[in-house]
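Residue numbers (the working numbering), protein chains in the order written: chain A, 1 to 186; chain B, 187 to 260.
Please note that the accuracy of each hint is not assured.
Here are the computed lysine to aspartate or glutamate pairs in the EDC-like style, where the Cα-Cα straight-line distance is at most 16 Å [what the hints assert, rightly or not]:
#1 223(B) <-> 61(A)
#2 207(B) <-> 92(A)
#3 121(A) <-> 241(B)
Chain A stretches covered by chain B per the calculated footprint, using a threshold of three residues with CB under 8 Å from any CB of chain B [unchecked claim]:
#4 30-44
#5 82-92
In case anyone wonders, no lab produced these hints; they're calculated from the structure.
Remember, it's a predicted structure, so these values are computed and weren't measured experimentally.
For glycine and all other residues, C-beta sits at the position ideal for the given N, C-alpha and C.
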Amino acid sequence: MKILLMGHPNVGKSVFFNRLTGANVTESNYPGTTVDYTKGWMKIEGEDVELIDVPGTFSLDPKDRAEEVAVAMLHESKDVRVISVIDASKIERGLYLAMEILEEGYPLVIALNMRDVAEDKNIVIDAGKLEWILGVPVVSTVAIAGEGIKELVSRIREAKPVDVADITANTASTADAAAGTAGGEV
Amino acid sequence: MEKELAMMDYDEQGTITEIEKDLRTRVAGMGIRVGKKLRMVTKQPIKGPVDVIVDGAETSLGLDMAEKITVDVV
C-alpha cells in the first residue's frame with residue numbers, strides 16, 4: 001500500500017510528511033523533470049507503508065510541470081490511498097480537488113488542516129457532518145502542533161472509494177435540512 | 187454594472203457573471219467560478235497579474251485570464 005499526500009500548495013502536506021515519517025527519507029526528482037518529491041516510510045498498525053509527499057496542485061487538470069507530476073504520481077500508483085490535505089480556512093477550493101480525486105475512484109481521507117487558523121477567521125467546520133456528506137473520513141488537524149495526526153493515521157484504513165452520486169444525494173438532503181438556517185455553512 | 191475583471195478598480199467588489207468556456211476548469215480549482223463574490227486588491231503594472239480576494243483567500247490571475255472573466259460590479 002502506498003499513501004499519497006495531496007493538496008494545494010502551502011496547506012501543510014510536508015508538515016504531515018515530517019510528522020508521519022522518521023529517518024530513511026529519500027528526496028528525488030520525478031524521472032525526466034526537475035520537479036522533486038520526497039518519499040518515506042511510516043507504520044500503520046505495525047505494517048510499513050510508503051508515504052509520498054506529492055507536489056502541490058490546484059486540480060487534476062495540470063497547468064504546469066509540478067502539477068503534471070502530481071497528477072502522474074496519482075495515476076501511476078497502484079494500491080494507493082490519498083490523504084487530501086485541505087486548508088480549513090479555504091475549504092471550498094480544497095474540496096474541489098478532493099472531489100476530483102474521489103470522482104476518479106481513489107480511496108480518500110480528508111485532513112482539514114490549520115483548524116486554528118480557520119477558527120481565528122471565525123470559520124468552524126463540522127467535520128462529522130462533512131464526513132457524513134462525503135462518506136469518507138474527515139479529521140480536523142493542526143499539523144504543526146501535532147493535533148489530530150494520530151486520529152488521521154488510525155483512520156487511513158477506513159479510506160474507501162465513494163460514489164459521487166451518493167455525495168450529490170447527501171448534499172441535497174443536507175441543503176433541504178439547512179434551508180431554514182443561515183447560509184455560509186459548508 | 188458588468189465589466190472585465192481586468193478593468194476593475196482597486197477595492198471594487200463584484201460577483202462573477204461569466205467566465206470564458208476554455209478558462210472555466212482552469213480557474214475552478216482556485217475557487218473562481220460563476221456566482222462567486224470577489225474583491226480586487228492589486229493590479230500589477232505592465233500587463234502584470236491581477237490580485238483578487240475570493241473567500242478570504244488572495245489569488246492572483248494573469249491579465250489574459252482576467253480579461254476573460256466578467257464581473258458584475260457593485
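query: Which hint numbers doesn't this structure obey?
result: Going through the list in order, the structure violates hints 1, 2 and 4 and respects the others.
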